[in-house]
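Just so you know, the protein sequences line up as chains P and D, in that order.
1 is the number of the first residue of the first sequence in this note's numbering; add one for each residue after it.
1 is the number of the first residue of the second sequence in this note's numbering; add one for each residue after it.
Think of the hints as simulated: they come from the structure by calculation, not from any bench.
Glycine is no exception: its CB is placed at the ideal position from the N, C-alpha and C atoms.
Be aware that a few hints might be false.
Going by beta-carbon spacing under 10 Å, a handful of chain D positions derived as facing chain P [stated by the list, open to error]:
| id | residue |
| --- | --- |
| 1 | Leu-55 |
| 2 | His-76 |
| 3 | Arg-80 |
| 4 | Gln-87 |
| 5 | Thr-108 |
| 6 | Ala-136 |
| 7 | Gly-146 |
| 8 | Arg-149 |
| 9 | Leu-157 |
Label pairs and their calculated CB-CB ranges [stated by the list, open to error]:
| id | chain 1 | residue 1 | chain 2 | residue 2 | range |
| --- | --- | --- | --- | --- | --- |
| 10 | P | Asn-44 | D | Ser-59 | 19 to 29 Å |
| 11 | P | Phe-235 | D | Val-56 | 46 to 56 Å |
| 12 | D | Asp-114 | P | Arg-219 | 17 to 27 Å |
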Amino acid sequence: MSPALAEALAELPDLARAHLLLSGSAVAIGVILGLPLAILSARNRRVRAPVLGLAGLIQTVPALALLALFYPMLLILGQATGLSIPALGFLPALIALSLYALLPIVRNGVAALQGVDSGVLEAADGIGMTRRQRLAMVELPLGAPVILAGIRTAAVWTIGAATLATTVGQSSLGNLIFSGLQTENWVRVLVGCAGAAALALGVDGLLALVEAGLKRRSRWRIGTGLALLAAALAFAFVPLSGRGASGAKIVVGAKNFSEQYILASAIERRLQAAGFRTERRDNLGSTVAYQALAAGDIDVYVDYSGTLWTNILDRTDTPPPEAMRAALATALAERDGVRLLGALGFENAYVLAMRRERAAALGVDSLDDLARAGPRLHLGADLEFLTRPEWRAVRGAYGLRFAGQRSYSPTFMYRAVADGSADVITAFSSDGRIASLDLVTLADPRRALPSYDAVLLLSPRRAADPQVTAALAPLVGAIPVERMRRANLMVDRDADKRTPDEAARWLDPFALR
Amino acid sequence: MNAPPFVELVGLSKRHGVHVALDDVSLSIAAGEFAALVGPSGSGKTTLLKSINRLVEPSGGSVRLDGRDVGDMPAHELRRRIGYVFQGIGLFPHMTVAENIRIVPRLTASEAPDRVAELLDLVALPADIAARYPRALSGGQAQRVGVARALAAGPKLMLMDEPFGALDPVTRDALGRAYRALHDRLGLTTLMVTHDIAEALLLADRIIVLSEGRVRADAAPARLVASDDPEVRRMVDVPRRQAQRLAAL
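Just chain P, with the same shape it has in the complex (with noise of 0.2 Å):
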């Protein structure tokens, strides 16, 4: 077996779990909440057109959408109340799944009542039944098929898009298909699409069981049905035994490209060697991760000087990188309480490149000449930098513009520039892409970016953990910028693939006690 294929089997078991149970989860609530609401809206004209319309509201909001939308409402919720909201993680994504589960439960629901044949209505109340005693006994049993429908559709949409979970940092299957996707490990994308399908088809199989049953009035079949779907749901609530370690548990953050992923693995691995037990939260968006751990959502993570300067500072200034990270130290401090344990040792700037050639073709060695040649050019970016201050300084400095500009997730954004979609790309200087593909970095002579020092960055409350920053001082000023290239190109080439996991093995290899 492949040992990329033998990580992400490794890793299916725990990520099943946590899909089943954020999934699980979600489509309860949303019967809890639906089903009186249907009732309601079923007996209520003036409830149900709000309700149906306010329901088909939210299913029109991409899932990714509202998952993005409840991380900043949490966080705002949080900040007004003054109560520790969990902004990241299971919350939002719990929330979000929740509201898209509600459609069909409700849908489904009053059209189930709606439904029932008139007649058995007039009959129940003549025979003497109050509101409740029909409700229980005639209007809820014969409506049951059509109600399970709904739930079963919910189910089956709440499967899907709880892969989309790992963008708001809860763990899912979908960290297998967006990580896979990042690194183009095709193997864990199939692995996390097969085991979210698999899931779905599982859970929407047992409740068709079900449904037949009730339709057919048949015990066995509703006993069989949700005697499994309860194994399953299980099987998700109760945590794995034989973890091992016991200590406390540490959450670690990582953006959504390979350094980060392989980073983040390193510095799971110090970390479990000084007995934490850790957890990650991937593919966060650069102000998301910060904030995030100024929230204490996350404990601890690796971003880049010139980031933190101009995004979560607001400066426009571009001081040496020492001063630079100094100041640094103390603002994030200051402000968030935030504590900067050190740099790393390799700067991942913004660089913009080009393919050699090209670049010799067209006589550009810098940004000046890049300014004189863009307008012929296509500039390609990835999904921050157009909108990132960096962008608006080097754009003014030099009164950059190109005939078109788009923007691509880091991986597809070199294809664009080996393809030739793109001139001229937003690279990463510590990236083994720019040699592997032959890559020139355009010169900044006016000193328009900053340095992007990679540090390492504590939450508030791991601050002054000794543990912690004894386990993680290792990594301070270990890492060259050879190495950390090295490392990439490992697990972002076509030919003989690293897993993130194998390559920071390689990166910090240490002897686990």
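With chain P's structure known, arrange chain D on it following the hints.
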């Protein structure tokens, strides 16, 4: 009418917007009577019947049952004391025949002994039908179960709204006569809405003719047939002519 009124309607009215379904109707029904409510569509028969078990709430006037205003008790408690049979039958499709009949005592959580076999026998159905679901019954069987269910709580008053209207003529005739026998045997008071004047004349002790929400005539069958009210004559002439033409065949 010397017997004390068992059901008493006083100035009963029902309006739907500008439409008047019942217009100041006052009536008394004695215990043990079998009264038929007849009249053209829209004359207010069903509204009158449903005002008694409060499936319709009147706009004005009152209904007294055994001397007590029906508005004074919760509707579901009132309805448990009254048998209700209607054209739609409304057997619960997710319950067996036995469960359909048993549900009435179940509502009150009463510990009464199980009367399913006795009730099925009463409506002349075989005992083995108890385990069937309603979809496996013929129309006549289903309405017999409907009658059995209505009798399950042991009501004194039966309200019937076109109970046999959807059945074929032979079944309808048989069921009508069987029910009349039950009425006498159990000492029931029955108020039955029908649009079939012949059925009313042959089954009931008393016929109340409604027209445009008012009582047009109220008499025993023999006197009704002799009425000189032109509208009543038009009604009773239909079965009479049919009978004469049948006899002449």
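Taking the hints in turn, this is what the structure says about them:
Against a cut-off of 10 Å between C-beta atoms, the interface hint on Leu-55 (chain D) holds, since the closest Cβ of chain P lies about 6 Å away. For His-76 (chain D), the shortest C-beta to C-beta distance to chain P is roughly 5 Å, which falls under 10 Å, so the interface hint holds. Nearest Cβ of chain P to the Cβ of Arg-80 (chain D): about 3 Å, under the 10 Å cut. The hint holds. This hint holds: Gln-87 (chain D) has a C-beta 8 Å from the nearest C-beta of chain P, less than the 10 Å allowed.
Taking 10 Å as the C-beta cut-off, the interface hint given for Thr-108 (chain D) holds, the closest approach to chain P being about 8 Å. Because the beta carbon of Ala-136 (chain D) sits about 13 Å from the nearest beta carbon in chain P, more than 10 Å, this interface hint is broken. Restraint check, Gly-146 (chain D) versus chain P: the minimum CB separation of about 8 Å is within 10 Å; hint holds. The restraint placing Arg-149 (chain D) at the interface with chain P holds, with a minimum CB-CB distance near 7 Å, inside the 10 Å limit.
Given the 10 Å rule on beta carbons, the hint for Leu-157 (chain D) is violated: about 13 Å separates it from the nearest Cβ of chain P. With their beta carbons about 23 Å apart, Asn-44 (chain P) and Ser-59 (chain D) fall inside the hinted range of 19 to 29 Å. As the Cβ distance of Phe-235 (chain P) to Val-56 (chain D) is approximately 55 Å, the hint placing it in 46 to 56 Å holds. The beta-carbon spacing between Asp-114 (chain D) and Arg-219 (chain P), approximately 22 Å, falls within the hinted interval of 17 to 27 Å.
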